[in-house]
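Knowing the structure of chain A, use the given hints to seat chain B on it.
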Amino acid sequence: MSVDVALFLGRILFLVLLYLFLLWVVLSLGRDLRARSASPEEAAPGELVVVEPAETGLQPDDAFPLMAETFLGRSSDNTIELPDATVSGRHSRLVHGKKGWLVQDLGSTNGTYVNGRRVKSQASLKYGDILSLGGVSMKLVR
Amino acid sequence: MQAALGGYRTRWMELSALLLAGVIVCLAFALLRDAQNGTVRPSMMVPIVLYVLAAFGTSLLLGRLLPGADQLIFPLVTVLGGVGLVEITRLSPQLGDRQLLWLVVGDAVLLATAVWPRNVNWLRLYKYTWAFIGFALIALTIVHGSDIGNTGYRRWIGFGGVYLQPVEFLKIFMVIFFAAYLDEKRELLAGGRLVLGRLRLPPFQYLIPLLVMWGLSLLLLIRQNDLGSALLFLGIFLAMLYVGTSRGIYPIIGLALFIFGSVASYFLFSHVRLRTDVWLDPWKYAAGGYQIIQGLFALAAGGIGGQGLGQGVPYYIPVASTDFIWDALGEELGLAGLVALVVVYVMLIFRGLDIAVMARDGFQKLLAAGLVSVFAVQTIVIIGGNTRLIPLTGVPLPFLSYGGSSIVANFVIVGLLLKVSQTVRRSAWTAAEEQATGSREGS
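So the sequence lines, in the order shown, correspond to chains A and B.
Numbering follows numbering that gives the first Met the number 0, with no gaps: position 78 of the first sequence is 77.
Numbering follows numbering that gives the first Met the number 0, with no gaps: position 213 of the second sequence is 212.
Calculated from the structure, these hints are not laboratory results.
Incorrect hints may appear among the rest.
If you want a taste of the chain A side facing chain B, the calculated C-beta under 10 Å gives, among others [unchecked claim]:
hint	residue
1	PHE7
2	LEU17
3	LEU28
4	ILE129
Residues of chain B placed beyond 12 Å of chain A at every Cβ, according to the derived structure [said to hold, decoys possible]:
hint	residue
5	VAL108
6	ARG117
7	LEU295
Note that beta-carbon positions come from the ideal geometry of N, C-alpha and C, so glycine has one too.
Excised from the complex, chain A in its bound form:
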């Protein structure tokens, strides 16, 4: 094979590979975007319905829509604000992932409970479970 032909083929191969690289990057990008399609700011399936409002001024059956990442606590920078003396400033966090809901206690004073059982660091939360923060109780519904 003459040098000219080899060079010509090499040139074509170079361009083909360059475009293949781009294709590969685009495919990886798509995979990456799908993998994190559930972003923390997106609404996630479920609501918290108030069962025991304690001193928060809420009414039983008040419902809070949930984000894929939801913070609960007494201070106003939480996704769900619960102004009750038994609730800590930043009390707990709810996370929605591939395996459903997860609740984490963020070092609260009076603890986070799922169906009356204290959450050590985190626990999974199913629809119908009762979530309690200090004296406030709420039910996770779909």
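Coordinates of chain B only, in the frame set by chain A:
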């Protein structure tokens, strides 16, 4: 968060893309040597193999230092750097060797940025210090600079045989300053509450420090006759103001001021007038128009498929390895190659903006947006200038042009972007899910 540093994760997406990138640049290098000598001698492949190995090593170390960081930016940058290295070596083997050195130093700088600062937010604490260092460096070039490019202006500082172009680092310092300042004042106005995606408008008096900083950098650059950098700083400034305030009025006012300023400087400064006249009709100006005409000839000679690497005559273009690398590549790779390279830039910028969108911290959001706009504006300004879309102003084409300061500064930018993306990925949300699914992360 810190536990993430203890974990290791092989960055497969990055490694697979790097493998393809390595094959591409090695093939490009082989073609080049082939055309010049008729044969390929294995020893000639040493520089490019070193380059590819350095990239692989960097990726493996990143798996340790920033396991969760973005995995597409580095391969994109590696392709650009590699193609640039091949073309520069083809234009001047001597410059090529130095570019290889700078690229490897760049990889090392990227890794260094991954280690230090440990937390990107540390940077915001010293915003005035950064701005001051940047200005001090530029001021130093005015009083004690060297003119190694024969531009008639002293834009370099020499330290024992190594020459640096401080303006390349000033742009990073300015982005850090703008990001820190804009974020700080926004929090102040929003009552300490960080509102994502809805950044409030600062009253005019809060804009004054920004305008002063920008004006100062502009004055220094005008003093140095560095129009390209002045344009770059305007672009960064407006982009960050827009991201920081989400007010479309700022870019519009900025654009109006820019048009006014351009018209004014056309009448005020003779070199601006010359640039514009040359742009409008390069054939009339033998001295100034020569570069751009040679560049256009090169693009025409390249056509759609290009002459082939090593087979064109890009050395007829003046300053082909820095300001006119785009036209040199156009001659040898053709429209097909240039389009692919534009797509690489678009992906790089898309990825950077994506990091900004995903960042949860206001400062990091602005930092990522600002840093990526550095790449975006530089790419537009120099490619536009090379193709006679806009008047030519000399800024380096990121990662493709020859230049140590530019390469090193760009790798610092990549390092900072990766660091921001690491905190994005390792946000509380992901960490919690990983913990829940029993990942060994952060043991």
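Hint by hint, here is what the structure shows:
Interface hint at PHE7(A): satisfied, since its Cβ lies 7 Å from the closest Cβ of chain B, which is below the 10 Å cut-off. With its C-beta approaching chain B no nearer than about 5 Å, LEU17(A) sits inside the 10 Å limit, and its interface hint holds. Interface restraint check: LEU28(A) against chain B, minimum CB-CB distance 6 Å, threshold 10 Å, status holds. Checking ILE129(A) against chain B: minimum C-beta separation of about 20 Å lies over 10 Å; hint violated.
No beta-carbon of chain A is positioned within 12 Å of the beta-carbon of VAL108(B); the least distance is around 23 Å. The beta carbon of ARG117(B) is kept farther than 12 Å from every beta carbon of chain A, the shortest such distance being approximately 24 Å. Non-interface status of LEU295(B) relative to chain A is upheld: no Cβ of that chain comes within 12 Å, the nearest being about 22 Å off.
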